[in-house]
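Visitor: Below, each chain spelled out in residue letters.
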Amino acid sequence: MKLELGYIDIQDIQFSEESKIANGVLYVNKDEIQKIVLGQEHIRSVEIDIARPGESVRITPVKDVIEPRVKVEGPGGIFPGVISKVGTVGSGKTHVLRGSAVVTTGQIVGFQEGIIDMAGPGADYTPFSKLNNLVLKMEPEEGLAQHEHEHALRMAGLKVATYLGELARNVQPDETQEFETYSIPEGMEKLKGLPRVAYVLMLQSQGLMHDTYVYGVDAKRSLPTIINPTEIMDGAILSGNCVSACDKNTTYHHLNNPVVMDLFDKHGKEINFVGVIITNENVYLADKERSSDWTAKLAEWLGLDGVIISQEGFGNPDTDLIMNCKKIESKNIPTVIITDEYAGRDGSSQSLADADALATAVVTGGNANELITLPKLDKVIGDVSYVERIAGGFNGNLKEDGSIVVELQAITGATNEMGFNRLSAR
Amino acid sequence: MAQLRIVQYINQFFAQIGGEEMAHIKPELREGIVGPGLAFNQAFGDEAEIVAAVICGDSYFNENLETAKKEIVEMVKSQSPDLFIAGPAFNAGRYGVACGSICDAVKKELGIPALTGMYVENPGVDMFKESVYIVSTKNSAAGMRDAVKKMAPLALKLGRNEKIGASAQEGYIPNGIRVNFFEKERGSKRAVDMLLKKMAGKDFVTEFPMPDFDRVKPNPAVKNISKAKIALVTSGGIVPKGNPDHIESSSASKYGRYDIEGVMDLTADTYETAHGGYDPVYANEDADRVLPVDVMREFEKEGKIGSLFHYFYTTVGNGTAVKSAKKYAEEIAAELKKANIDAVILTST
Amino acid sequence: MQIVTNNPLVREKLQDHYAVDYAEGSFGELLVRVRDKAHLGYRLLSHPLSGSVKPNETPYKSVLISDGPGALDVESLTIIENSILTADKFPVKYPQMSAKMRADFQLIDYTLLQSAL
Numbered sequence: 001m002k003l004e005l006g007y008i009d010i011q012d013i014q015f016s017e018e019s020k021i022a023n024g025v026l027y028v029n030k031d032e033i034q035k036i037v038l039g040q041e042h043i044r045s046v047e048i049d050i051a052r053p054g055e056s057v058r059i060t061p062v063k064d065v066i067e068p069r070v071k072v073e074g075p076g077g078i079f080p081g082v083i084s085k086v087g088t089v090g091s092g093k094t095h096v097l098r099g100s101a102v103v104t105t106g107q108i109v110g111f112q113e114g115i116i117d118m119a120g121p122g123a124d125y126t127p128f129s130k131l132n133n134l135v136l137k138m139e140p141e142e143g144l145a146q147h148e149h150e151h152a153l154r155m156a157g158l159k160v161a162t163y164l165g166e167l168a169r170n171v172q173p174d175e176t177q178e179f180e181t182y183s184i185p186e187g188m189e190k191l192k193g194l195p196r197v198a199y200v201l202m203l204q205s206q207g208l209m210h211d212t213y214v215y216g217v218d219a220k221r222s223l224p225t226i227i228n229p230t231e232i233m234d235g236a237i238l239s240g241n242c243v244s245a246c247d248k249n250t251t252y253h254h255l256n257n258p259v260v261m262d263l264f265d266k267h268g269k270e271i272n273f274v275g276v277i278i279t280n281e282n283v284y285l286a287d288k289e290r291s292s293d294w295t296a297k298l299a300e301w302l303g304l305d306g307v308i309i310s311q312e313g314f315g316n317p318d319t320d321l322i323m324n325c326k327k328i329e330s331k332n333i334p335t336v337i338i339t340d341e342y343a344g345r346d347g348s349s350q351s352l353a354d355a356d357a358l359a360t361a362v363v364t365g366g367n368a369n370e371l372i373t374l375p376k377l378d379k380v381i382g383d384v385s386y387v388e389r390i391a392g393g394f395n396g397n398l399k400e401d402g403s404i405v406v407e408l409q410a411i412t413g414a415t416n417e418m419g420f421n422r423l424s425a426r
Numbered sequence: 001m002a003q004l005r006i007v008q009y010i011n012q013f014f015a016q017i018g019g020e021e022m023a024h025i026k027p028e029l030r031e032g033i034v035g036p037g038l039a040f041n042q043a044f045g046d047e048a049e050i051v052a053a054v055i056c057g058d059s060y061f062n063e064n065l066e067t068a069k070k071e072i073v074e075m076v077k078s079q080s081p082d083l084f085i086a087g088p089a090f091n092a093g094r095y096g097v098a099c100g101s102i103c104d105a106v107k108k109e110l111g112i113p114a115l116t117g118m119y120v121e122n123p124g125v126d127m128f129k130e131s132v133y134i135v136s137t138k139n140s141a142a143g144m145r146d147a148v149k150k151m152a153p154l155a156l157k158l159g160r161n162e163k164i165g166a167s168a169q170e171g172y173i174p175n176g177i178r179v180n181f182f183e184k185e186r187g188s189k190r191a192v193d194m195l196l197k198k199m200a201g202k203d204f205v206t207e208f209p210m211p212d213f214d215r216v217k218p219n220p221a222v223k224n225i226s227k228a229k230i231a232l233v234t235s236g237g238i239v240p241k242g243n244p245d246h247i248e249s250s251s252a253s254k255y256g257r258y259d260i261e262g263v264m265d266l267t268a269d270t271y272e273t274a275h276g277g278y279d280p281v282y283a284n285e286d287a288d289r290v291l292p293v294d295v296m297r298e299f300e301k302e303g304k305i306g307s308l309f310h311y312f313y314t315t316v317g318n319g320t321a322v323k324s325a326k327k328y329a330e331e332i333a334a335e336l337k338k339a340n341i342d343a344v345i346l347t348s349t
Numbered sequence: 001m002q003i004v005t006n007n008p009l010v011r012e013k014l015q016d017h018y019a020v021d022y023a024e025g026s027f028g029e030l031l032v033r034v035r036d037k038a039h040l041g042y043r044l045l046s047h048p049l050s051g052s053v054k055p056n057e058t059p060y061k062s063v064l065i066s067d068g069p070g071a072l073d074v075e076s077l078t079i080i081e082n083s084i085l086t087a088d089k090f091p092v093k094y095p096q097m098s099a100k101m102r103a104d105f106q107l108i109d110y111t112l113l114q115s116a117l
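Chains as they are written, first to last, in this note's numbering: chain A, 1 to 426; chain B, 1 to 349; chain C, 1 to 117.
Incorrect hints may have been included.
Here are the simulated lysine-lysine pairs, PhoX-like style, with alpha carbons at most 20 Å apart [as the list claims (entries may be wrong)]:
{"id": "1", "chain 1": "B", "residue 1": "Lys107", "chain 2": "B", "residue 2": "Lys157"}
{"id": "2", "chain 1": "A", "residue 1": "Lys266", "chain 2": "B", "residue 2": "Lys189"}
{"id": "3", "chain 1": "B", "residue 1": "Lys184", "chain 2": "A", "residue 2": "Lys130"}
{"id": "4", "chain 1": "A", "residue 1": "Lys326", "chain 2": "B", "residue 2": "Lys107"}
Far from chain A, by Cβ distances over 12 Å, these chain C residues were calculated [stated by the list, open to error]:
{"id": "5", "residue": "Lys13"}
{"id": "6", "residue": "Leu14"}
{"id": "7", "residue": "Asp16"}
{"id": "8", "residue": "Tyr18"}
{"id": "9", "residue": "Glu29"}
{"id": "10", "residue": "Gly51"}
{"id": "11", "residue": "Leu64"}
{"id": "12", "residue": "Asp67"}
{"id": "13", "residue": "Leu72"}
{"id": "14", "residue": "Thr78"}
Read the hints as simulated data drawn from the structure, not as lab findings.
Note that the Cβ used here is the ideal one computed from N, Cα and C, for glycine as well.
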């Protein structure tokens with residue numbers, strides 16, 4: 001399966017009469033965006049804002065971050081099974097509005113989380129401070145149930161991203177890149193002698209505000225399966241996860257999965273990147289056993305020589321991670337796992353909720369409990385009064401000078417467990 | 001910024017007084033630079049200066065732990081330094097333990113930041129890595145230049161009370177405190193590179209070592225204990241009175257094997273402990289409390305066990321490197337197997 | 001199968017359909033209650049740290065365990081002990097929590113549990 005990504009670099013977003021892309025600027029007609037958002041059932045009002053890199057702006061509480069993309073050639077459409085009809089994606093051509101994103105915010109439940117600072121020390125910890133963001137602050141109808149509220153915010157964000165992506169359909173990309181994986185016999189033939197490597201991608205799947213969708217299917221209701229990495233680039237995996245800001249995988253992370261990109265970088269040269277095994281992180285312990293049995297079985301069945309496993313979220317997924325690692329290692333397939341740590345504010349506590357001696361190769365996204373002081377910024381999109389209540393915040397953390405002291409876990413994407421960032425710990 | 005004042009601790013060897021034959025010398029304070037201080041002073045430039053050295057023999061320190069510590073802390077205090085450096089001790093076990101203990105004492109009692117350097121297998125590392133910053137050095141004094149290069153910048157940071165980064169950045173041995181920092185590459189790239197190395201069987205360094213799982217699977221139960229030949233092995237330091245083989249009170253360099261043919265009971269007149277890491281009074285009063293020969297003899301007589309092996313094996317677990325302990329165990333196990341022992345009772349302290 | 005919980009919403013919604021062992025108490029106390037049961041030979045069926053809401057951030061937790069006690073299940077014991085160690089790292093934040101927020105945390109815990117039922 002072969003996909004060409006055409007990157008259109010977005011240097012700025014501006015409001016305008018007409019929505020279009022010209023000279024690296026994404027022009028957006030506010031009314032049209034408003035029409036799309038309010039067209040979504042259950043949303044009463046929306047404020048639309050722009051946050052650019054370096055601006056003194058704080059966005060909170062963040063729900064999801066979505067990169068606009070459009071399918072210009074090949075079967076299927078972007079976000080299949082949710083926005084576009086169900087149909088296999090991952091081949092042909094896709095245009096990407098690189099450097100831009102749609103950020104959704106809103107209060108689904110009383111406790112909220114996710115800070116994106118566009119400037120200051122906090123900006124170093126979130127990858128989204130480097131993007132031009134179109135921010136949607138949405139209010140629901142009175143009395144809306146939480147799961148309907150979550151669904152409405154998620155759908156509105158995806159629809160706006162799809163609308164923006166569509167603007168790039170006929171724009172000449174600044175750069176193109178090709179990604180191709182092979183069928184099993186083809187790969188055996190063409191890349192003979194290269195180690196066969198796959199990626200086990202663990203998806204959060206536990207209930208309200210903890211879910212991930214694959215072609216529209218709730219991941220907790222599926223057994224582990226195989227997916228082409230290029231399908232993920234076309235939005236086959238979408239985030240419905242609004243909890244644990246620092247180590248949840250937003251839709252942006254899925255679209256730009258760094259493990260996929262870095263494995264492709266070695267593909268055909270040092271390795272044969274066979275594909276991606278997706279698995280879930282369910283609540284029920286028997287599900288954890290079954291799913292990890294299944295990933296190990298698939299790894300063996302694909303004749304792999306090595307596996308990278310990435311995690312999502314905090315606490316019980318440590319158990320899934322270790323089960324996956326242990327069972328795949330037991331098939332004599334070497335693994336590297338990517339996780340993050342909760343070692344306490346002083347860094348002295350045991351980092352993971354589970355561990356095993358077979359996990360000899362670990363990459364860490366850092367200690368999510370470490371404290372950081374975020375200075376007062378000029379503008380807040382969303383509501384900073386939630387900050388005391390967000391995970392990683394605490395009573396009295398909002399100082400008189402407007403600065404806030406939080407744990408890194410409050411910052412969106414700070415300790416990402418796909419290895420999206422440079423942050424680490426020793 | 002004012003120049004930092006530093007006092008350095010070194011042993012008799014690095015003070016060029018002598019080797020093992022001079023290891024008994026008592027603590028001595030010398031103003032100015034002695035031995036490795038020169039290299040450190042060069043590395044510090046104008047920013048810090050070693051103003052004095054405390055010199056002490058390794059045997060004296062380890063055999064007179066409490067008095068030696070007190071004497072040395074007083075000497076350090078008299079110089080009112082901003083920072084204390086001990087060693088580096090490389091792979092010298094007793095020197096390493098001394099460096100660790102004295103850094104710990106200076107930190108706790110004088111509130112002065114302290115730094116030492118050791119080879120990762122030095123027994124001082126396991127004892128003190130969590131309480132003192134220990135820079136990882138090579139295993140012999142030939143690595144002095146390298147050690148100074150790593151220790152000097154960290155010393156300046158400590159002396160100025162600056163924020164200390166992660167172990168991987170600063171060069172100290174991981175101390176159980178996880179510290180965040182930004183790597184050169186993103187995590188996914190690091191993971192791919194690590195996997196390539198792991199698949200190729202090359203060395204790689206995990207970013208998070210799993211908690212130590214040096215667990216031993218229990219053997220199946222002894223089928224018939226009333227017929228079993230049983231041996232006693234201890235790390236509690238029980239030895240015949242007078243410690244004939246001079247097993248050290250800490251960082252033991254050997255183990256002993258002693259015949260207990262016909263010995264029915266260990267008494268205060270016949271046995272004692274060589275262990276320096278616990279209050280020896282009760283073990284010296286009745287060594288059966290650590291090595292239960294008396295009870296084993298009773299069981300033997302009552303037919304509860306087959307017989308007690310006529311040798312027992314003993315060493316001191318206090319600060320003894322895991323590597324040494326493993327070596328002793330391998331040798332002991334080989335002898336026990338040869339003697340057709342069915343089961344072993346291991347006692348500690 | 002039975003539900004050990006400190007979540008009143010779970011008791012209200014599920015007590016007619018499942019065996020619900022409800023007791024008021026903190027997050028930490030609930031985990032200790034589960035641990036005591038693990039020692040008695042009950043097997044864990046759901047993970048005590050289900051969800052990504054941090055322990056002590058939320059006051060509520062529901063854990064599924066086996067019906068009757070059997071032989072001691074070491075795996076269950078390890079998981080609950082590790083969960084307690086992990087939870088203890090997080091400061092308790094809920095004493096002065098609003099009723100609305102309590103209701104939200106109850107709902108989240110309830111849906112996490114539901115996903116395992």
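Visitor: Taking the hints in turn, state whether each one holds.
Guide: Hint-by-hint comparison with the structure:
Under the criterion of a C-alpha separation no larger than 20 Å, the hint pairing B/Lys107 with B/Lys157 is consistent with the structure, at around 15 Å. For a cut-off of 20 Å, the pair hint linking A/Lys266 to B/Lys189 stands: about 10 Å separates their Cα positions. Restraint check: the Cα-Cα separation between B/Lys184 and A/Lys130 comes to about 18 Å, which is no more than 20 Å; the hinted pair holds. Distance hint between A/Lys326 and B/Lys107 is unfulfilled; the C-alpha atoms sit about 42 Å from each other, more than 20 Å.
At roughly 14 Å from the closest C-beta of chain A, the C-beta of C/Lys13 stays outside 12 Å, upholding its exclusion from the interface. For C/Leu14, the condition that its CB be more than 12 Å from all CB atoms of chain A holds, with the nearest at approximately 15 Å. Against chain A, the non-interface label of C/Asp16 holds: every CB pair exceeds 12 Å, the least being about 21 Å. Every CB of chain A lies more than 12 Å from the CB of C/Tyr18, the least distance being 14 Å, so the non-interface label holds.
Every CB of chain A is more than 12 Å from the CB of C/Glu29 (nearest about 18 Å), matching its label as outside the interface. The beta carbon of C/Gly51 is not kept farther than 12 Å from every beta carbon of chain A, the shortest such distance being approximately 6 Å. At the 12 Å boundary, the C-beta of C/Leu64 falls inside the reach of chain A, the nearest C-beta of that chain being 7 Å off. Chain A leaves C/Asp67 outside its interface by the beta-carbon criterion, the shortest separation being 15 Å against a cut-off of 12 Å.
Its beta-carbon lying about 16 Å from the closest one in chain A, C/Leu72 satisfies the requirement of being farther than 12 Å from that chain. A cut-off of 12 Å between C-beta atoms contradicts the statement that C/Thr78 is not in contact with chain A; the least separation is 8 Å.
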